[in-house]
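Enquirer: Here is how the chains run, residue by residue.
There are 2 protein chains.
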Amino acid sequence: MATARLVLLVALVFGTSGGAWAAQKEDVAAPVIHALRPLAGSGGHLGRHGGVPCDSWRLAVEAYNMRDWRTVPASCEGYVGNYMLGGHYRRDSAVVVDEAVAYAEGLKLGGKGKEVWVFDIDETSLSNLPYYATHGFGYVTLLSPYNATSFNAYVLEGSAPVLPETQRLFRKLISLGVKPVFLTGRTEDQRAITVANLRRQGYSGWMKLVLKPVGFKASAIVYKSGERKKLQDAGYVIVGNIGDQWSDILGTPEGARTFKLPDPLYYIG
Amino acid sequence: MATARLVLLVALVFGTSGGAWAAQKEDVAAPVIHALRPLAGSGGHLGRHGGVPCDSWRLAVEAYNMRDWRTVPASCEGYVGNYMLGGHYRRDSAVVVDEAVAYAEGLKLGGKGKEVWVFDIDETSLSNLPYYATHGFGYVTLLSPYNATSFNAYVLEGSAPVLPETQRLFRKLISLGVKPVFLTGRTEDQRAITVANLRRQGYSGWMKLVLKPVGFKASAIVYKSGERKKLQDAGYVIVGNIGDQWSDILGTPEGARTFKLPDPLYYIG
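Chains A and B are the protein sequences, given in the same order. Numbering follows our numbering, with no gaps: position 130 of the first sequence is 351. Numbering follows our numbering, with no gaps: position 229 of the second sequence is 450.
In short, the hints are calculated from the structure, not lab data. Owing to the predicted nature of the structure, the values given are computational and were not obtained by experimental measurement. One or more of the hints may lead you astray.
[Unchecked claim] Covered by chain A, per the in silico footprint, the following chain B stretches (three or more residues, Cβ under 8 angstroms): (1) 278-286; (2) 304-317.
[Claimed, not checked] Derived lysine-lysine pairs resembling DSS-like cross-links, with alpha carbons at most 30 angstroms apart: (3) B/Lys-450 - B/Lys-393; (4) B/Lys-450 - A/Lys-450; (5) A/Lys-433 - A/Lys-450; (6) A/Lys-335 - A/Lys-450; (7) A/Lys-329 - B/Lys-438; (8) A/Lys-393 - A/Lys-451; (9) A/Lys-433 - A/Lys-400; (10) B/Lys-433 - B/Lys-333; (11) B/Lys-329 - A/Lys-438.
For each residue, glycine too, the CB sits at the ideal point set by N, CA and C.
Excised from the complex, chain A in its bound form (with noise of 0.2 angstroms):
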């Protein structure tokens, strides 16, 4: 898939602000997506180009049967591309939420401020798709040196839109009396311009927000449990835990209840 064809796409989807997305509604977008689909399309039988047939690569990096993975599959690329700007991942990650909001709405609170839920960043609260899109699917990985660089650049523009599904969940929480807490890979100099960019898109009212050190080695596993440990030693009851990698839902301790919000982008260890 020619990657002038995705910046297109991407700018119509998402306007000349980042909030576009969240303003339109699914129909809207809908035929802009269609002019896609044929190419590659995001569904059942059509998803195999080649090798690994797209949507099964797909489902087993959910469940987490794949794990450590570098690159989406060469094959899979434009497959990805339809998956993410189409309506399917939107789709997907509403039915998650709806699950995380229905769970959310039975909580039993103590009545002390207490219960907090976390919420990881990029492809959880904020989505960097404007520079996957522009960047390419297949063969973009946050672990080289190249691309980090400009994965950071992108970052420092403070343009990721909201994820309007994990907003929806982000709300419905505070409306309950449940802290929303942030807790990110990215590192503590890039606060200004993550709090800015949560803020520009209509983030409001979380407990804390929690950037990694610069430097920290350890892995994504380590580091968001134990920054979850610090939070259950200050006395605070997670409730739940939201995400779109497995690091950021594995590892004690875990919280009450764990979503995994889906991503066919990058793998994080």
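Please build the complex by placing chain B on the supplied structure of chain A, with the hints as guidance.
Expert: Just chain B now, with coordinates in the frame of chain A:
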């Protein structure tokens, strides 16, 4: 979807002997399946039927976002039937097993024959699709007394067909020197018929078959992790663990690597 139609289909897919599925190539089975596809489809946007989008629901099940569910959503019965009986389920299973085989081939064994791999049985080593296709995909649950009775009667026929992907892993492990252990929620009084069914379907060479004591009341996670602990305490190294339920692969010790096969039919906690 009319049950009668599914019965006919399953007869065509499985043939008269339980082993027909194993012997058939996907290409051969495909035309039979296609007649069903337009009705509900198992892929992408075709999966929405009024309520929850069925493909998103299935993804949420596989990624452990959906827990403690009792039945397939009413509007997804046809979808699940198509998914299971069409090529989609087989294709998804094959990708999981491909990954498991690649992992197994990369193992460094200690040379003392202590490495074992845990296999669940139902919907992992053997398939109960003929049962579910007869009883409907939408409203069956193993938790109701009625269905437990009819399901047990089916088990006692000893006719469950092999899941060929899993058997491929099973045989690969034996060739590598890793010992398979069956660990099943089936009860001890079903040992003879279970052994007979496994042998009829081409399984041989397992190290151990662990069945649940009759009347054992704890959860599947408690039972299965307890049995894995016994293996570990006896000096075995659980290098892998594969099942169709999250309760097969959660709970310490899980095994060095776990694999979740698809199962949108039922949930065991």
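Enquirer: If a hint holds in the structure, say so; if it doesn't, say that too.
Expert: Here's how the hints hold up against the structure:
{"no.": "1", "hint": "278-286", "verdict": "holds (count 7)"}
{"no.": "2", "hint": "304-317", "verdict": "holds (count 7)"}
{"no.": "3", "hint": "B/Lys-450 - B/Lys-393", "verdict": "holds, 24 angstroms"}
{"no.": "4", "hint": "B/Lys-450 - A/Lys-450", "verdict": "holds, 26 angstroms"}
{"no.": "5", "hint": "A/Lys-433 - A/Lys-450", "verdict": "holds, 15 angstroms"}
{"no.": "6", "hint": "A/Lys-335 - A/Lys-450", "verdict": "holds, 14 angstroms"}
{"no.": "7", "hint": "A/Lys-329 - B/Lys-438", "verdict": "holds, 27 angstroms"}
{"no.": "8", "hint": "A/Lys-393 - A/Lys-451", "verdict": "holds, 25 angstroms"}
{"no.": "9", "hint": "A/Lys-433 - A/Lys-400", "verdict": "holds, 20 angstroms"}
{"no.": "10", "hint": "B/Lys-433 - B/Lys-333", "verdict": "holds, 28 angstroms"}
{"no.": "11", "hint": "B/Lys-329 - A/Lys-438", "verdict": "holds, 27 angstroms"}
Of the numbered hints stated above, none is contradicted by the structure.
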